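*Asks:* With the hints as extra help, turn the sequences into a complete structure.
First residue of the sequence shown: 792, per our numbering; consecutive thereafter.
Worth flagging that the hints you see were computed from the coordinates, not collected in a lab.
Values in this document were obtained by computation on a predicted structure and should not be read as measured data.
Take these hints with a grain of salt, some might be off.
Said to hold, decoys possible - Estimated spans, in silico, between C-beta atoms of each pair:
{"hint": "1", "residue 1": "Asn-893", "residue 2": "Ala-1025", "range": "18 to 26 Å"}
{"hint": "2", "residue 1": "Arg-795", "residue 2": "Glu-1105", "range": "37 to 45 Å"}
{"hint": "3", "residue 1": "Lys-1116", "residue 2": "Gln-1011", "range": "18 to 26 Å"}
{"hint": "4", "residue 1": "Arg-840", "residue 2": "Thr-972", "range": "43 to 51 Å"}
{"hint": "5", "residue 1": "Leu-1121", "residue 2": "Asp-981", "range": "43 to 51 Å"}
{"hint": "6", "residue 1": "Glu-1118", "residue 2": "Glu-1007", "range": "49 to 57 Å"}
As the list claims (entries may be wrong) - Once the Cα atoms are required to be at most 30 Å apart in a straight line, the calculated DSSO-like pairs of lysine-lysine come out as:
{"hint": "7", "residue 1": "Lys-1116", "residue 2": "Lys-873"}
{"hint": "8", "residue 1": "Lys-925", "residue 2": "Lys-1116"}
{"hint": "9", "residue 1": "Lys-873", "residue 2": "Lys-925"}
Built from N, CA and C at the ideal position, the CB exists for glycine as well.
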Amino acid sequence: MSKRVTIAEVAEAAGVSMMTVSRAINNKGGIGEDTRQRILQIAQEMGYRPNNLARGMVTQRTGTIGLVVPDIGSPFFAQIAKGIENVAYVNGYNVFLMDAENVDREIAALNSLWENRVDGLILCTSRLDQEQLKLRLERFSFTVLINCLLETDMAGVCKINVDDENGARQAVDNLASAGHTHIAFIAGPDYLLSSQQRLVGYRSSLSTHQLPFREEFIRQCTPDTDGGYAAAVALLNKHPEITAIFAFNDLIAAGALRACADLNRHVPNDVAIIGWDDSSLTSLLTPTLSTLRIAKRELGATAMRILNQLMNGEQLVEDCHQIIKPELVLRQSTAVPSFSTSKPNPKDI
792 MSKRVTIAEV
802 AEAAGVSMMT
812 VSRAINNKGG
822 IGEDTRQRIL
832 QIAQEMGYRP
842 NNLARGMVTQ
852 RTGTIGLVVP
862 DIGSPFFAQI
872 AKGIENVAYV
882 NGYNVFLMDA
892 ENVDREIAAL
902 NSLWENRVDG
912 LILCTSRLDQ
922 EQLKLRLERF
932 SFTVLINCLL
942 ETDMAGVCKI
952 NVDDENGARQ
962 AVDNLASAGH
972 THIAFIAGPD
982 YLLSSQQRLV
992 GYRSSLSTHQ
1002 LPFREEFIRQ
1012 CTPDTDGGYA
1022 AAVALLNKHP
1032 EITAIFAFND
1042 LIAAGALRAC
1052 ADLNRHVPND
1062 VAIIGWDDSS
1072 LTSLLTPTLS
1082 TLRIAKRELG
1092 ATAMRILNQL
1102 MNGEQLVEDC
1112 HQIIKPELVL
1122 RQSTAVPSFS
1132 TSKPNPKDI
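*Replies:* Have a look at this one:
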């Protein structure tokens, strides 16, 4: 096992005192920002990690933050977690990742993180009602919510939400403008705020283009390829007039692509498909998949930067309440196959 790098060794390498290194690592005042960043860079290159046990005895902190996601296997949340972990590591925090696949698991995760005295919490979506959510958030000193509905402002709580309604409108606007009049929506689980808001955007766009909303053109499914396949088969068999599908995520869209192939419905000539996430999967499918792009890793990094500022009592550099707008990326699933394709965001590969 390699020898643990000490603060004295970092100070020697940086040509500064141990006190200056301590100020830089603990984000205290008294040193310039350029100096602080240089020291942090040197510390990271040397593999220095703060002694959280010793630091905790002085600061009453544990050096840990809690991260709760609804599906640990989701590529979307995996990329968000990666962005969070990158920033947490640089700032000397360990991340406790908890999977909250149902209400009971979410409550258990939040209770466990509170009992382990994490310094801060990042909660990605929630199945809890407003009263339950508020009650549990009151236990934590500092929290950042990602795509969570919290109707009241709370001290020490910041929110980052994706503009799901806007993204859905972009998708359906594109399909309607291309001449599609029978557009289906394969939604995710109803407990997800994002699924609810995308349905609102879907309906809004249909109304804008004077297209009727048809309840039978909506299917909910598990947010994976099997769910997407089953939902698309059911829709296309029962309603062969459907010529376009807007899917809750890329995995569902991939399942819909497979369903179209099995039903001899050519994509995009017979059925156009748009997904959501812009995962690395999109350029591997045939045809390549049109989708809504979210800078997922940067979203996670932003959440952790905000949480770090809250925990350190700093003036927030970034807004406490943020709305992230998706970007529509068009590929072969909504265009003739000879069209050139756009590649996924390299940050999310």
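*Asks:* For each hint, tell me whether it holds in the structure or not.
*Replies:* A quick look at each hint next to the structure:
1. In this structure the hint that Asn-893 and Ala-1025 lie 18 to 26 Å apart at CB holds, the actual value being about 25 Å.
2. Between Arg-795 and Glu-1105 the CB atoms are about 28 Å apart, so this pair departs from the stated range of 37 to 45 Å.
3. Remark: the range hint 18 to 26 Å for Lys-1116 to Gln-1011 is upheld by a beta-carbon distance near 25 Å.
4. Between Arg-840 and Thr-972 the beta carbon distance is about 59 Å. The supplied range of 43 to 51 Å is therefore violated.
5. Under the hint 43 to 51 Å, the C-beta atoms of Leu-1121 and Asp-981, about 29 Å apart, miss the expected range.
6. Separation of Glu-1118 from Glu-1007 is about 31 Å and departs from the stated range, judged on CB atoms against 49 to 57 Å.
7. Restraint check: the Cα-Cα separation between Lys-1116 and Lys-873 comes to about 20 Å, which is no more than 30 Å; the hinted pair holds.
8. The suggested pairing of Lys-925 with Lys-1116 holds, with an alpha-carbon distance near 26 Å, which does not exceed 30 Å.
9. As the CA atoms of Lys-873 and Lys-925 are separated by approximately 27 Å, the hinted pair is consistent with the 30 Å bound.
Against the hints set out earlier in the document, violations occur for numbers 2, 4, 5 and 6.
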